[in-house]
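**Q** Add chain A to chain X, keeping to what the hints say.
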Amino acid sequence: MSYITKSPWIIHYDGSSCNGCDIEVLACLTPLYDLERFGIVNTGNPKHADVFLITGGINEQSRAVVKNTYEQMPDPKVVVAVGICATSGGVFRECYNIMGGVDTVIPVDVYVPGCAARPESIIDGVVRALGILEAKRAKMAEQEGKKQ
Amino acid sequence: MIEEIIFAIGFIILAPFIGALIGGIDRKVTARMQGRVGPPVLQPLYDIFKLFEKEKAVVRNEVNFYIFSYLIFVVFTGALFFSGGDILLVIFALTLAHAFLILGAYAAVSPYSHVGAERELLQLMAVEPMLILAATGFYMATGSFAVKDIALWPEPVVLTIPLIFVGIVYVLTIKLRKSPFDLATTHHAHQELVKGLTTEFAGPTLGMVEIAHLYETVFFLGIVWLFFASMPWVGLAAVIVVYFLEILVDNTTTRVRWQVMLRSAWLVALVAGAINLGVLALL
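So the protein sequences, as listed, match chains X and A.
Using the UniProt record's numbering, the first residue of the first sequence is number 1, and each one after it goes up by one.
Using the UniProt record's numbering, the first residue of the second sequence is number 1, and each one after it goes up by one.
Calculated from the structure, these hints are not laboratory results.
Keep in mind that a hint or two might mislead.
Dumping the calculated DMTMM-like pairs for lysine to aspartate or glutamate here, alpha-carbon to alpha-carbon at most 25 Å [claimed, not checked]:
1) A:56 with X:144
2) X:136 with A:118
3) A:178 with X:109
4) X:139 with A:53
5) A:56 with X:71
6) X:139 with A:55
7) A:178 with A:128
8) A:28 with X:60
9) X:67 with A:53
10) A:56 with X:75
11) X:136 with A:55
12) A:56 with X:134
13) A:56 with X:142
14) X:146 with A:55
15) A:178 with A:118
Chain A extracted, bound-state conformation:
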């Protein structure tokens, strides 16, 4: 019990810094891929500190409540995951967090914000089946929904559910808001539809969204790691390789329409998830 609490508190304290470091390295590597120097590695932290120095301008006060709830539930999701909780509860908490983000975008009355919110809903729809199938896959491989049991499983789970791992890596692009699936909003400020979901958020409100994104990044890389949990160093290498692939894909693809995102994500979930689970059920 004590150990679980330590892991949860460790996540809450360390995740933003690890997330910022990952984000900074991401921007540096992206810049190098484009033949630029790139910002300092700690740039995501500077951005967030700056946002909290800005004026508290908000369209409606409800927005702050929704965005704060989003942050809290993302933190809860990650803390639950790293303390070895139930993976189904983790997925539901994450969905609830995103529901708050969407409510926040809808509460800020603006057409751009609404388009972003609708796209976020579509992203949620695209990702959810794969996440549920992944939880099912973990259960069929280890006989338990608890992250703790999955992490302590003697052999790497990825050997039993390799196709589900592929599917998770595919939807990771959507969840990390990377191109080609950065429909709702990108981490870097591109100009299409101003900034999607976060158009109406300014200053500290946007800062909370950014912090939540740092937590989310660490949480999702934690899921990737869970596939290799019995060999921690191999898991770390896998996380690095997967994240590098994400950056590469981010830089070499353009944004696709939501139809392509939804169809391809569901297709991957259906093919990878169903084949893998079907084989497991037959064995």
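Chain X on its own, in the form it takes in the complex:
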């Protein structure tokens, strides 16, 4: 029995998006969608988080921040790229300062397209991420067992 899928805490970071996807992430936590009923809490602290929701394409300035935030999260962790900019760079793909999608900096587990991504699809993305999170936890527990 695993509890990680019952209590995934999220942290969200706005890479360099227009804030459209970012406010949709926050809309998920408002009374209309109420993500807390799944035990999801918005932490704002990478050390407490399990799910990293990231919006917007990554540019030269936000690259270090994204990498640092990702590295501070304790395992098991998953990354969800929210919005078309986060998945591939979107219309900003050709800009000189844009690296591209989130996967150019850190490994991404779930891609949620849309401009802006609707709360329904964000929730769907997070729920799919939970499956991956559980698989990662199982793998981690297995490795832990091998060590001993």
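**A** What follows is chain A alone, placed relative to chain X:
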């Protein structure tokens, strides 16, 4: 003697579950107040179990020692209280527990953690006078510092020290880490100053802090109950009403500055405590 040990062991085993249930109902009621559905009632337990599944990431190993000591002393405080020990010793053990929590936050070198630790120190400063006055009030009402004697006092102590009860309910908001006095860290993860005191704690370390919080909740509600100990059911009703008030205040107020917290807590301690004790001394 046997009875006391049974009460202490009963507290150690049952308190986390009761605390989690109270926490879960708290989150459910909070959600309903905000027009949401809210998480399952057992959500605090799920959170803690999850934290123990996570990687053991810690900034410095001392942190784990301090946080473990915090947990142990909080458990000791509650066990001493529920086995009918000396209420002064209970208060000192609680202070020591929080000193360990603050040391833990200072040991994790991070500016956010330090700000949280300083705020926790201020909270401790704000609460301590009222707790000491409450112990004095219990003594003046019943002639004994032992929780057992206070609990077996034939009439409700609250009739003798009503103002001290008000003061305790006031500082309870600080101790339960509820708004408007949730300066050091909140139980729910808000984003101001990341997470205060617990910023640098992850996985099992944070889990220990959460478990300690469950013990603390039960212990503080036990103090509220002690004011009505001669009528246990009235005491239970009082605990429910007080906790509901805490949730209501939590949801209807915003965080205040530490100056307001410290001044108001000391003012309440001075006015409520001093008037009540003064009247008792004159009678």
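**Q** Check each numbered hint against the structure and report the violated ones by number, ascending.
**A** 2, 3 and 8
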